[in-house]
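K.L.:
If you're matching them up, the sequences are chains A and B in order. So for the first sequence, this note's numbering puts the first residue at 47; every next one is plus one. So for the second sequence, this note's numbering puts the first residue at 836; every next one is plus one.
Just so you know, these hints were derived from the structure itself, not from any lab.
Here are the simulated DSBU-like pairs of lysine-lysine, each with C-alpha atoms no more than 30 Å apart in a straight line: (1) B:Lys874 to A:Lys138; (2) A:Lys138 to B:Lys917; (3) B:Lys896 to A:Lys123; (4) A:Lys107 to B:Lys917; (5) A:Lys138 to A:Lys123; (6) A:Lys107 to A:Lys123; (7) A:Lys138 to B:Lys896; (8) B:Lys917 to A:Lys123; (9) A:Lys107 to A:Lys138; (10) A:Lys123 to B:Lys874; (11) B:Lys874 to B:Lys896; (12) B:Lys874 to A:Lys107; (13) B:Lys874 to B:Lys917; (14) B:Lys917 to B:Lys896.
For reference, the chains in residue letters:
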Amino acid sequence: MTADMANDFVVRFDLDDIFRGGADDTARTLLDIWRTNGGRICDDIAGYTDQLVILDGQPQKTDSPQVLFHGVNSLLKRNLGNTPVTDSPQIKRNDFSADYRRMCAQAYFDTASDMQPIFDLVRVSRPMVSGEYQQQTYHRLLLPVFTDQGARFTLCYSLDLEPHRYPVANSRQSQLPEADTAGSINQNMPCFPALHPR
Amino acid sequence: MSKDDKNALSDSFNADAYWGKAAASIEQQLADILAEARKSNVDPFVRSICGQMFDHTQPEKLVGWQAELLIEAVSELVYCAKSQLESHT
Chain A
47 MTADMANDFV VRFDLDDIFR GGADDTARTL LDIWRTNGGR ICDDIAGYTD
97 QLVILDGQPQ KTDSPQVLFH GVNSLLKRNL GNTPVTDSPQ IKRNDFSADY
147 RRMCAQAYFD TASDMQPIFD LVRVSRPMVS GEYQQQTYHR LLLPVFTDQG
197 ARFTLCYSLD LEPHRYPVAN SRQSQLPEAD TAGSINQNMP CFPALHPR
Chain B
836 MSKDDKNALS DSFNADAYWG KAAASIEQQL ADILAEARKS NVDPFVRSIC
886 GQMFDHTQPE KLVGWQAELL IEAVSELVYC AKSQLESHT
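Using the sequences plus the hints, can you model the full thing?
P.N.:
Here it is as structure tokens:
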């Protein structure tokens, strides 16, 4: 463990906490769909891929699973996906720090092994190899899903608990033509940026 | 080879090489990936991702750069499903 990790933690919560106000409507809906379909991939749950990260669902004990896709509205994409270092359409497992990957590996292993959802709280001080974003605190709902043929994936829905950040300047997103539209503007951006350094 | 090296190798999946990008047209590559996605039942994800990117859920209608973007977005997912199923058989 590095000194950076002294305040890092993963705390597992009861799944029912999601229905007791511990998460948002999306988390409740995702868990409802998962329970209704018993984890089988269906159009209903696939309809949320814009907010999800899809990972390899085969259990791996020593490392977090490979990231296969991250939705445009996922926490990963919103907070980490537009940094200059990760200016790529796909974020790879190796973009994450080794400490972070080890810290998160157990929950991924458990959800993939038991084929049961996990709801937890994660705080990490240095999630990326690049050193971008010194702290992340988020709720995480992991949903193991499978196809009829037996392919397995883990869906990760994350709910940001950090104060909202500014859009990243010079990022891939800001270079896209639609970056000037209202939809790409962080509506929660503070009014006085100088008082709220990132 | 260290564990990290192995992870790096598994993460550096070369979609271009796997799907024969040099040999086939973009549209043919997309058709191949969509066929594979249907076979492994991950097509609901592919349609949804298509919807995110292009506001419709008919990936088979994409051509040119749009087809290329979708291939880039879904190839690792489809490849992962395919390799899992192959390892079962």
